[in-house]
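Engineer: What follows is the residue order along each chain.
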Amino acid sequence: MSEQSSGAAAAYWQANIRLLLKLLVVWFVVSYGCGILLVDVLNNFQIGGYPLGYFFAQQGAIYVFLFLIFFYAWRMNKIDREFGVEEKE
Amino acid sequence: MDTQTWIYLMVGGSFLLYFIIAIASRAGSTDEFYVAGGGVGPVANGMATAADWMSAASFISMAGLIAFLGYNASPYLMGWTGGFVLLALLLAPYLRKFGSFTVPAFVGARYYSNVARTVAVICLIVASITYVIGQMKGVGVAFGRFLEVEFETGVLIGMFVVFVYAVLGGMKGITYTQIAQYIVLIFAFTVPAVFISIQLTGVPLPQIGLGSTMADGSGVYLLEKLDGVITELGFDKFTSPEHSTLNVFMLTLSLMIGTAGLPHVIIRFFTVRKVTDARKSVGWALFFIAILYTTAPAVGAMARLNLMETVQTGPVGEQTANLRYEDRPQWFKTWEGTGLLGFEDKNGDGRIQYYNDKNPEFQATADSYGWEGNEMVNVDRDIMVLANPEIAQLPAWVIALVAAGGVAAALSTAAGLLLAISSAISHDLLKSMLKPDISEKGELMAGRIAMTGSILVAGYLGINPPGFAAEVVALAFGLAASSIFPALLMGVFSKRMNREGAIAGMLAGLLATITYIFIFKGFFFIPGTNVFPDDASAWFMGIQPESFGALGALINFVVAFLVSRATAPPPADVQALIEDVRVPGALRHS
Numbered sequence: 001m002s003e004q005s006s007g008a009a010a011a012y013w014q015a016n017i018r019l020l021l022k023l024l025v026v027w028f029v030v031s032y033g034c035g036i037l038l039v040d041v042l043n044n045f046q047i048g049g050y051p052l053g054y055f056f057a058q059q060g061a062i063y064v065f066l067f068l069i070f071f072y073a074w075r076m077n078k079i080d081r082e083f084g085v086e087e088k089e
Numbered sequence: 001m002d003t004q005t006w007i008y009l010m011v012g013g014s015f016l017l018y019f020i021i022a023i024a025s026r027a028g029s030t031d032e033f034y035v036a037g038g039g040v041g042p043v044a045n046g047m048a049t050a051a052d053w054m055s056a057a058s059f060i061s062m063a064g065l066i067a068f069l070g071y072n073a074s075p076y077l078m079g080w081t082g083g084f085v086l087l088a089l090l091l092a093p094y095l096r097k098f099g100s101f102t103v104p105a106f107v108g109a110r111y112y113s114n115v116a117r118t119v120a121v122i123c124l125i126v127a128s129i130t131y132v133i134g135q136m137k138g139v140g141v142a143f144g145r146f147l148e149v150e151f152e153t154g155v156l157i158g159m160f161v162v163f164v165y166a167v168l169g170g171m172k173g174i175t176y177t178q179i180a181q182y183i184v185l186i187f188a189f190t191v192p193a194v195f196i197s198i199q200l201t202g203v204p205l206p207q208i209g210l211g212s213t214m215a216d217g218s219g220v221y222l223l224e225k226l227d228g229v230i231t232e233l234g235f236d237k238f239t240s241p242e243h244s245t246l247n248v249f250m251l252t253l254s255l256m257i258g259t260a261g262l263p264h265v266i267i268r269f270f271t272v273r274k275v276t277d278a279r280k281s282v283g284w285a286l287f288f289i290a291i292l293y294t295t296a297p298a299v300g301a302m303a304r305l306n307l308m309e310t311v312q313t314g315p316v317g318e319q320t321a322n323l324r325y326e327d328r329p330q331w332f333k334t335w336e337g338t339g340l341l342g343f344e345d346k347n348g349d350g351r352i353q354y355y356n357d358k359n360p361e362f363q364a365t366a367d368s369y370g371w372e373g374n375e376m377v378n379v380d381r382d383i384m385v386l387a388n389p390e391i392a393q394l395p396a397w398v399i400a401l402v403a404a405g406g407v408a409a410a411l412s413t414a415a416g417l418l419l420a421i422s423s424a425i426s427h428d429l430l431k432s433m434l435k436p437d438i439s440e441k442g443e444l445m446a447g448r449i450a451m452t453g454s455i456l457v458a459g460y461l462g463i464n465p466p467g468f469a470a471e472v473v474a475l476a477f478g479l480a481a482s483s484i485f486p487a488l489l490m491g492v493f494s495k496r497m498n499r500e501g502a503i504a505g506m507l508a509g510l511l512a513t514i515t516y517i518f519i520f521k522g523f524f525f526i527p528g529t530n531v532f533p534d535d536a537s538a539w540f541m542g543i544q545p546e547s548f549g550a551l552g553a554l555i556n557f558v559v560a561f562l563v564s565r566a567t568a569p570p571p572a573d574v575q576a577l578i579e580d581v582r583v584p585g586a587l588r589h590s
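Respectively, the protein sequence lines represent chains G and R.
If you count the first sequence from 1, position 74 lands on 74 in the numbering used here, and the numbers rise without skipping.
If you count the second sequence from 1, position 126 lands on 126 in the numbering used here, and the numbers rise without skipping.
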């Protein structure tokens with residue numbers, strides 16, 4: 001492996017880590033934050049008939065998880081191409 | 001047509017479908033037997049993963065758990081879905097790039113050690129066997145309740161059905177039957193939910209219905225009404241927490257990490273064609289799972305409200321507002337017959353009082369009404385899903401659909417677990433360690449024999465559960481969280497992590513978790529051998545044994561880190577392997 005390619009590999013890996021850390025922060029905030037730690041505070045607010053904290057714990061967090069996974073897949077495909085490490089058919 | 005005929009038709013029809021699929025997708029090679037040939041599309045694999053993941057417990061028990069625990073059941077909802085985020089971001093794409101047939105194969109190669117691989121095989125087998133016992137029981141229970149056959153007969157029928165498609169088709173047969181099973185179970189779960197949501201709120205989508213006002217024109221929100229009805233009877237509020245926040249936090253985290261580390265889920269992502277498909281496929285898996293998991297809270301809340309209002313027909317305290325026992329509806333009688341509902345007229349007034357007699361603050365109120373204890377002495381939580389169609393007065397075919405759905409949920413998970421077990425035996429132990437010169441045909445035959453053996457063991461344990469069936473799922477998640485997940489995560493994200501660190505970490509996490517579970521639940525779950533009583537006052541910082549997996553994982557990480565720093569780094573070829581799994585394609589050589 002040449003110097004150059006391992007430099008590119010390191011940069012690609014850094015980009016991946018940066019992205020997934022950001023997404024894991026969101027993952028943590030919606031479930032552990034809004035759904036557990038802040039549930040009593042958020043339950044003072046309503047979204048329709050749902051107390052907000054309860055909503056995050058039993059509905060909202062799951063929708064956000066779903067978004068996070070598809071966003072990661074979409075964003076990583078772009079990053080793969082930027083660094084030229086995408087899979088060849 | 002009566003309900004029983006419908007049930008035979010629906011369950012029989014679904015079995016016929018599974019057999020047709022089994023014959024159409026026989027496995028001809030080890031590649032097909034272990035990973036379905038590696039060409040499953042991301043959406044199809046997502047659907048199969050959803051059926052693989054959603055067990056009898058998700059289908060039958062979870063909504064009931066929510067019905068009685070309300071907010072406090074949230075760790076199961078968030079834990080069993082949030083784990084897929086970890087799987088998608090931290091494991092699935094890299095393990096797919098590595099491209100092995102089994103999880104222990106990755107551990108063995110990454111940690112250049114058959115010892116590490118064997119430890120992984122042991123964790124996998126213990127976690128999967130304990131899990132599969134519950135599924136076999138689920139099959140027996142579903143049959144027993146709906147088809148009026150003996151529990152044992154139910155398990156035997158289930159074993160036979162799995163035998164046909166899993167032994168014949170391996171992962172290939174399992175994949176396509178799981179897709180069919182997903183369709184059966186999701187219809188079975190959502191159809192009654194939609195009807196009940198319309199009846200109560202006028203909104204067809206249960207997820208929206210749960211946040212809507214009642215259809216009776218009162219303008220009261222459903223959840224508000226439910227909170228009112230149950231707190232008036234001394235029960236805990238539905239929408240807010242009652243337990244220690246730390247324990248809820250740790251339980252959620254343990255279930256998430258355990259989910260991401262369960263081998264029968266991970267191996268499903270070995271069946272897709274490429275890394276980008278693996279990333280997407282986890283999303284599809286969670287999409288199909290979320291359809292059930294976001295419906296379950298609505299089913300739980302609505303079924304609880306229906307149940308309360310059946311018994312408490314008017315204002316609390318008025319004597320005539322309690323249902324007369326002889327006026328009880330037909331479904332009440334049906335489920336009394338199965339022992340899932342139990343009534344005892346404690347104050348001899350011929351009416352049913354259903355309230356929380358464990359609540360000291362409500363005691364005086366209950367006394368003033370002349371109530372002498374809760375008379376609904378048994379309300380099995382499974383009834384919330386099983387009796388739902390009858391409570392909502394839905395047609396017989398819907399009841400039959402729920403029966404077929406329950407069986408599909410149990411069978412699909414059992415098959416996935418059995419494949420994980422048999423591939424660990426035939427590929428990791430036999431082919432890679434004991435008899436490397438075995439031919440492909442020989443290995444395929446060994447896989448089929450291992451599968452048959454696993455089905456027999458699982459069936460035997462399902463019929464003769466070792467007395468700890470209820471506790472074992474905690475063990476499965478604890479093991480996956482404390483041993484398998486950290487080893488895989490460090491394998492991808494730390495180039496410095498070596499053989500010594502990984503083995504020491506896995507063993508430390510495993511021992512700590514097993515010890516913590518055993519001291520509260522008894523050694524090997526033998527009643528009476530526990531060191532401390534299994535209740536909140538004795539738990540370490542209020543953390544229940546089911547929540548310990550996350551701490552076990554932490555212990556694993558710390559031990560692995562310390563040991564790896566004191567020993568030699570992994571050899572150059574392993575470092576190259578890590579570089580390779582981190583990129584989807586090949587590195588550009590310019």
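What the hints contain is simulated information worked out from the structure, not anything from laboratory work.
Warning: the hint list may mix true and false statements.
Listed below are several chain G residues computed to face chain R (Cβ distance under 8 Å; list not exhaustive) [unchecked claim]:
| hint | residue |
| --- | --- |
| 1 | Leu-24 |
| 2 | Leu-37 |
| 3 | Val-39 |
| 4 | Gly-48 |
| 5 | Leu-52 |
| 6 | Ile-62 |
| 7 | Phe-70 |
| 8 | Ala-73 |
27 Å max Cα-Cα, derived DSSO-like pairs, lysine-lysine [unchecked claim]:
| hint | chain 1 | residue 1 | chain 2 | residue 2 |
| --- | --- | --- | --- | --- |
| 9 | G | Lys-78 | R | Lys-97 |
| 10 | R | Lys-495 | G | Lys-78 |
| 11 | R | Lys-97 | R | Lys-274 |
| 12 | R | Lys-274 | G | Lys-22 |
| 13 | R | Lys-358 | G | Lys-78 |
| 14 | G | Lys-88 | R | Lys-441 |
Even for Gly, the Cβ is constructed at its ideal location relative to N, Cα and C.
Engineer: Is Lys-274/R within 27 Å of Lys-22/G, Cα to Cα?
Structural biologist: holds, 25 Å
Engineer: Quick one, are Lys-78/G and Lys-97/R close enough, alpha carbons at most 27 Å?
Structural biologist: holds, 18 Å
Engineer: Given the proposed pairing of Lys-88/G with Lys-441/R, does the C-alpha separation stay at or below 27 Å?
Structural biologist: Outside the cut-off at roughly 31 Å; violated.
Engineer: The hint names Ala-73/G as touching chain R; please verify it with the least Cβ-Cβ distance against 8 Å.
Structural biologist: holds, 4 Å
Engineer: Closer than 8 Å between Cβ atoms is the bar; does Leu-24/G clear it against chain R? Give me holds or violated.
Structural biologist: With a minimum Cβ separation of about 7 Å from chain R (threshold 8 Å), the hint on Leu-24/G holds.
Engineer: Return the status of the interface hint for Phe-70/G: holds when the least beta-carbon distance to chain R is below 8 Å, violated otherwise.
Structural biologist: Cβ of Phe-70/G sits 4 Å from chain R, so the hint holds.
Engineer: Straight-line Cα separation of Lys-495/R and Lys-78/G no greater than 27 Å?
Structural biologist: Holds, at about 25 Å.
Engineer: Can you verify the interface hint for Ile-62/G: is its Cβ closer than 8 Å to any Cβ in chain R?
Structural biologist: holds, 5 Å
Engineer: With 8 Å as the cut and Cβ atoms as the points, is Leu-52/G at the interface with chain R?
Structural biologist: violated, 10 Å
Engineer: Quick one, are Lys-97/R and Lys-274/R close enough, alpha carbons at most 27 Å?
Structural biologist: holds, 7 Å
Engineer: Does Lys-78/G lie within 27 Å of Lys-358/R when you go C-alpha to C-alpha?
Structural biologist: violated, 58 Å
Engineer: Taking the closest Cβ pair, is Leu-37/G under 8 Å from chain R?
Structural biologist: holds, 7 Å
The structure fails hints 5, 13 and 14 (numbered hints given earlier, in ascending order).
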